[in-house]
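Protein chains in written order, with the numbering used here: chain A, 1 to 123; chain B, 1 to 293.
A few of these clues could be false.
Unchecked claim - Lysine-lysine pairs mimicking DSSO-like chemistry, simulated, CA-CA at most 27 Å apart:
{"#": "1", "chain 1": "B", "residue 1": "Lys53", "chain 2": "B", "residue 2": "Lys292"}
{"#": "2", "chain 1": "A", "residue 1": "Lys66", "chain 2": "A", "residue 2": "Lys99"}
{"#": "3", "chain 1": "B", "residue 1": "Lys53", "chain 2": "B", "residue 2": "Lys123"}
{"#": "4", "chain 1": "A", "residue 1": "Lys99", "chain 2": "B", "residue 2": "Lys292"}
{"#": "5", "chain 1": "B", "residue 1": "Lys53", "chain 2": "A", "residue 2": "Lys99"}
{"#": "6", "chain 1": "B", "residue 1": "Lys292", "chain 2": "A", "residue 2": "Lys66"}
In case anyone wonders, no lab produced these hints; they're calculated from the structure.
Listed below, chain by chain, are the residues.
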Amino acid sequence: MPDFNTSGPIPTISGMHERRDRMERETHRHTLEQIEGEGFPREITLQPGVSVIGRAPEALIHLPSKRVSRQHALLRVRGTDCVIADNESDNGIYLNGVKIHSAVLRDGDVIGVGDSQFRYREG
Amino acid sequence: MPVFVKFWGTRGSIPTPASWTRVYGGNTPCVEVRFPDAVFICDAGSGIRELGKDLLTRQPPPAELHLLITHTHWDHIQGFPFFAPVYLQTMPIHVYGQQPNDDTTYRLLSGQMSSSYFPVSFKDLGGSIVADHLLAGGMDIAGVRVRSFPLNHPGGCVGYSFEKDGRKVVYATDNELELQPGELFPDLDGTGPLRVLPEDLLHVAHNADMLIMDAQYDDKEYATRRKWGHSSCLSVTDLAIQANVRNLALFHHDPESTDRSIDEKVQSCRRRAQRHGARLTISAAREGVEFKF
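Just need the whole structure built from these sequences, with the hints factored in.
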């Protein structure tokens, strides 16, 4: 017989959803694998918040090429999404070979910045 | 001054959330064309819901919105009741008809909000929704030249072009480019000659920075779906080549199309453009992707 006289809050459906969503956010990994360019090979795990790809030494993903602007692109991890956006760079960013301004990334996408290429992995 | 184009919904016919639509997206049509002083929204498919949420976070918020509906088939209007700005007084929405006193679009948008379909009636929306019209198919809105043009779709449809400071974006969904007698079809390896296409559309698309066009099928699929009002991606590529378009976005993906099959369409269109020596960038419209021209 289940004991229905337990004390404490009764779990609600919305509460269970909130916990599941939080767990998914906390365990969802966003990774960039460098597949071409200076620094290859390397793997960078992106943390929640904003990371910079650029020529500036303090950029999380530092690319010394002159074809890369100091703060070339921003990667924003929010929940289960990772968004890349061009940060008014001189040479732009590429998604699977096409020049774009910004994009929500999907597993397997290839990002081009200057002479470097990165494969995005999620999950 | 730049123009931004962002895809919020790219799927035709019906929302299609699935593991196999995760890349290109499952929401029905909604495209934002944004100039520094004007936000244009092309169609109110289910993708408009996320756009509405995003608009509420922008600083400064847009002073007003311009909603252009291509036609009132469900997949192009179903998101409207879920578009957050319709509940706000602070962000007026202009909904455009094609001529003075043409309130067809406004009437059909509101009609889908009768109590049989939706719990909030149109008259109870808190927002400021204005029925407007394009003068003789074109007018200047916040310094942007906006034109409409007819498309080939059962029940009728219009496309829109946006021009300012030498930048041009053309939105032409739900359109069938019909084959001419004697044309090679189906052109399964894409090696045939360029197809003959309507002069009026070639003129509209001429030198566009981006052409967003219905390319729901490949030739093989189109063979069994003629007169349904949608095009083969090869015909669309031929139009973009002949109109000297710089960027082509294949749009209105079939609900049965997987991410992989859309990728295959893109590859076959790129091969065709390459064979014809065109300097044309081809991609498939994808939710969450934004371009800047």
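We went through each hint and held it up to the structure:
| no. | hint | verdict |
| --- | --- | --- |
| 1 | B/Lys53 / B/Lys292 | holds, 21 Å |
| 2 | A/Lys66 / A/Lys99 | holds, 18 Å |
| 3 | B/Lys53 / B/Lys123 | holds, 22 Å |
| 4 | A/Lys99 / B/Lys292 | holds, 9 Å |
| 5 | B/Lys53 / A/Lys99 | holds, 26 Å |
| 6 | B/Lys292 / A/Lys66 | holds, 23 Å |
The earlier numbered hints are all upheld by this structure, with none contradicted.
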